[in-house]
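**Q** Residues per chain are reported as follows:
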Amino acid sequence: MATTSTIHTGPALKLPEKHYLNTGYGIRSWLLTTDHKRIALLYLLSVTFFFFIGGFFAMMIRLSLLTPDGRLLSPDTYNRMFTMHGVSMIFFFLIPSIPAILGNFFIPLMIGAKDLAFPKINLLSWYIYIVGGAFTLYSMMAGGLDTGWTFYTPLSTVYSNSAVAPAVVGIFITGFSSILTGLNFLVTIHTMRAPGMTWFRLPLFVWAHYATSVVMILGTPVVAITLGLAAMERVFGLGFFNPAMGGDPILFQHLFWFYSHPAVYIMILPAMGVISEIIPTFARKKLFGYHFVAAASLAIAVIGFLVWAHHMFLTGQSTYAALAFSFLTFLVAIPSAVKVFNWTATLFGGSISFDTPMLYAFGFLGLFLVGGLTGLFLGCLGVDMHVHDTYFVVAHFHYIMVGGAVMGYLGGLHFWWPKITGRMYPEWLARIAALVLFVGFNLTFFPQFVLGYLGMPRRYHVYPPEFQVYNVMSTAGASILALGYLLPMIYLTWAAFYGRVAGNNPWPATGLEWTTPSPPPTENFEVTPVVTWEAYDFHNRPELGLDVPSQPVGAHEHD
Amino acid sequence: MQSSLPFFPEQASSFAGNVDALFMFILLTCLFFAVLVSLLAIYAAFKYHRTSPGEVGSTAHGNMFLEVGWTAIPLILALGMFAWGAVVYVNFRTAPKDTLDIYVVGKQWMWKLEQPNGKREINELHIPVNRNIKLIMGSEDVIHNFYVPAFRAKMDVVPGRYNTLWFRPTKIGKYHFFCSQYCGTNHAVMGGWVTVMDPAEYAAWLSDESGNVNPVSAGEKLFTQLACVTCHLSNGTGRAPSLNGVYGAKVLLSDGSTVTADDAYIRESILQPKAKIVAGYQPVMPTFQGLVTEEQILNLTAYIKSLQSQPVPAKGAGIAPTSAGKK
Amino acid sequence: MTEHVVSPKIYVVILLALLLGTYLTVTAALHDFGLWNIVIALAIATTKATLVVLFFMHAKYSPKRTQLVVACAVFWLALLLFMTMSDYFTRVDYRGIRYPVSQNVFIHQPHRS
Amino acid sequence: MHRTGELYGQFETLEQQKDSATLGMWIFLVTEVLFFGGLFLTYTVNRHLYFTAFGVGGNMLDLKLGATNTVVLIASSFTMAMSVWSAQTDRKKLLPLFLILTFLLGGVFLGIKYVEYKQKFDHHLVPGHSFDLTYRINHPAPGDSPKELAAERQEIEDALKTEAAGTPQEQLTALNAHAQLFFSLYFGMTGLHALHMIIGAGLLIWVIRESFKGRFTASYNTPIEIVGLYWHFVDIVWIYLFALLYLINRHSV
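Protein sequences, first through last, are from chains A, B, C and D.
Quick note: the first sequence uses our numbering, first residue 63, plus one each step.
Quick note: the second sequence uses our numbering, first residue -12, plus one each step.
Quick note: the third sequence uses our numbering, first residue 64, plus one each step.
Quick note: the fourth sequence uses our numbering, first residue 212, plus one each step.
Since the hints were made in silico from the structure, they are not lab data.
Just to be clear, a hint being listed does not mean it is correct.
Claimed, not checked - Each computed DSS-like pair below joins lysine-lysine, with the alpha-carbon atoms no more than 27 Å apart:
#, chain 1, residue 1, chain 2, residue 2
1, B, K84, B, K208
2, B, K99, B, K121
3, B, K237, D, K303
4, D, K424, A, K182
5, D, K372, C, K72
6, D, K303, C, K72
7, D, K303, D, K424
8, C, K123, D, K303
As the list claims (entries may be wrong) - Per the computed footprint, the stretches of chain B lying under chain A, defined by three or more beta-carbons under 8 Å from a beta-carbon of chain A, are:
#, region
9, 160 to 169
10, 216 to 228
All residues carry an ideal CB built from backbone N, CA and C; glycine is no exception.
When you get a sec, could you build the whole thing from the sequences and use the hints?
**A** In structure tokens, the structure reads:
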């Protein structure tokens, strides 16, 4: 138990009588719910399912790469493994993970609303996700998918012998889940804020989701129509992207990356939002440069749309276009840097504890630094001509997506688990898991930077023997990483039922979501809250029961 | 690659030094920031560690000077990286004039390469050291990518169009090349070796024709087989211009413009004869799209090249008179 | 937020303007203005679309926020079109010639393996 | 969440509810713009690459039917706007009338679209194995005007000259491939548009039913307004489709 942070030490805490989890028990009460909190849990289950599918494929990939001659899997199987790893992880885990679970659960709570603006559409989003997921699962079972998650034409539309059409249709469908979620968030943040919750009192988690939603609604439709066209090409033999029929495969890449680059920001922005919540809470200090961090989220969302063709520097794209896109790519690095500096600055003068969420935040900071900075190499035209499509890229985006987004996701899950379930997870086990993850992650992916610079292309089933050392390191790390992912899965589930009762505000934190019981009632707040404080302000919140030095606090009430 | 834990691949082209220097510059800059931020975070974590359960942090929440500073400094550095990278890349995309041109055809899952004299190789490329090499690359099926790590250079090979990749090998040796754009089942084995040779050795290797059909004679045979010869009469009296001496010369087109009869023009004329009509001739030539393979085109080109030294007829050649100015 | 009721008179005027626009764009298309035909057709279409957005969809009378949403749509569509076309318009082929000069795309018959 | 009258439980006031719904619809329309945007980009790139072939394709569309449809859709947009006005000013008799008019005009549009599609099927202009640009001039129907056919033949012949291929047959194959891209996009774009029309018609049926029940008043007319926004958007898409598909290069006939 964390004595450093938790104020409640007495045994008096009890779960509230009535909360969103015990208002109904039947399967119908879950499948027909319009409660954003229950929908978030539905997402939690389904997203975790896809995470483990994707994780299984990842393990197969790493095991197969243990030896240079790829003895474990046939080339076709290997190609299916990495494709389906990418598809399940990107479209069905990373993109919905933080927004659809944590965002869904906490945006209404954080802004003092009873629900999202469109609860039925929220439920519809989940069903759309499930239908899309079912199509994709079907494709995995009916012949698999071996096009790479990028579906480059004409490989995917003409030459592949795998079940491309159902997978593409599945992703097309899932896109609408993402669009509707983004739409719901945008409207909710605009119109559902409680009295006193001005734009600049919003938690940065909400700002980050605002920016994420902008990307979702503007980018996703483009990839949807693109995959729609690719499916038509595959099924009806049309020629939009098939050079044999006059189409242009490069056009597909433009359309695809118009979404799929910003999609990276769909994954990382919410994680940044989580970190922006965790750091002030465990440093007990206002986040440094609130306005700059909020503006940086929007800047990333907007500039993120201007850089897509940096995935295409070596397709024979015009040199002028390459220069423009490289220039814009360097610009998008700046707001991310600003965020990192502000997080670090927040630590100074704080009162820092090392509870599990904070460990994840530190982990995120380190890994995101590496991931972000290696992006500079790839955005730089002169280096990209060497490292493009090598393991350097693989390492870079795993540092962003796994080191960044998944660390943020797990950090957020730990941070809010007491609010979601009303119970605490076992602190020491969680800290160990966080460390195991950090070590395992670095061991897995750092060697891949070296591999990439040495010139090992990605998506290789066999490779020259001189690359083996680093591949063995990577596989060893992956085993540790797998353990690191299993641990939280087990103890969080355990804690949801048997953990110590957490109380309304165990950390304590300043957000509105912590003023309501844990777990919250179905309608979130008994009375509509009125916000009178700035975000992350520990000094003017006597109800938190902290020892604020300059200001005498009347009574140490515990919530 | 002698050491068992290599960090850099060999440097074997004129790009390698530039790319590595740029890489080191970015690496050091990034390391500086990564170490700085990490040290600051670790320092703060210990210095400001919570000492009592109810303790709160300070009320500091921002500093305009810092914000501007840590926006501006990275911006300047980033622009520096961009500019340096741009210089390296523009050089990489702009092939010099005096190149040794090698045609490369990628297909699932092999590389076919053809030397200027028509000598063909599969998954092997022999080139002389210190010579500018230009690969003119096309694909027969999906997108591939020709990548030589030791040269720090790669370029996609896209069906439906040509991409070029140039480099100047600087070190004699044998280097891996890979397909680095995922292209289906055997993507991982679609690679081979680039052998950089001493120019004299290269010349010897090139002229050693054992096992290779002479492309010129193969092209000559095709020229008859495909009935090209029935129109392109060498004396200039046919329905199509004589091809004697046309290679490398300027050709006057029906729209008044001129074009240099290089490999690309010849290829286009075979595949899409109507694209550029020689002045004074009718667009009667059929396309040979789908009728000739990439290799046959190269053979035909080699044959046409061999006609360079043949006497040009006074009438009936497409070569632009030297007085023909720009349009 | 009080609702702005647009009078039917304005609707009728807009209807007439749209019909006039349709007549003009068809007439213009039947005359040869070279490349200007494209410009004329798109300019008239954009004018018509603007009228619909401003009056039929009440964007003119809506809060700034709605207008921002409309502006975003136009902006991002423009991004998609212009940034992609910037590649196509400045592309050079392997001979250093702007692409496409002619349709210099050689076509291989696809053969499934 | 429980509903109190027309107010859904998650909202505090009707105003907030209307505000949310309208904003939601506008944001959805932004998504739609980008959804069609992908098609518009595909169109633009291919029009850039195969300008002549696309011109030939465009001239095979029936300008009269296209223009009629434009007028029909504009008129339906007008009646839709009038429906919103009727709701806002509490004209409970006029409202269903205008809605039904809108619905009928939408039906006329789809009917005309059906006629056009059928023509294209008859002329073998549907992408696929039987696609043949010259089918109509080689198999004229009794009613076809010889002048029109001659013009069409002339145009195809002119276009063939610009296709860089060999024998007449091969040139035709190339022209067919490029024109087929045009018709793929024609059917893709107008088909997606028609799908939106059908969804819009479904929404109209719903509001017509509710309007007969007298549900919409000056203080509660959000659904009418929302459906209106959607309908106008579909109109705007058509305005552009008409210009891009039917009008460009039309003069060359």
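**Q** Now, for every hint given, state plainly whether the structure supports it.
**A** Results for each hint:
1. K84/B - K208/B: Not satisfied, since the Cα-Cα distance of roughly 32 Å exceeds 27 Å.
2. K99/B - K121/B: Given that 27 Å is the threshold and the Cα spacing comes to 15 Å, the pair holds.
3. K237/B - K303/D: 80 Å, violated
4. K424/D - K182/A: 24 Å, holds
5. K372/D - K72/C: With a Cα-Cα distance of about 53 Å, the restraint between K372/D and K72/C is violated, given a limit of 27 Å.
6. K303/D - K72/C: 20 Å, holds
7. K303/D - K424/D: 10 Å, holds
8. K123/C - K303/D: Holds. K123/C to K303/D sits at ~26 Å (cutoff 27 Å).
9. 160 to 169: As far as the region 160 to 169 of chain B goes, the hint holds, because 6 residues have Cβ atoms under 8 Å from chain A.
10. 216 to 228: violated (count 0)
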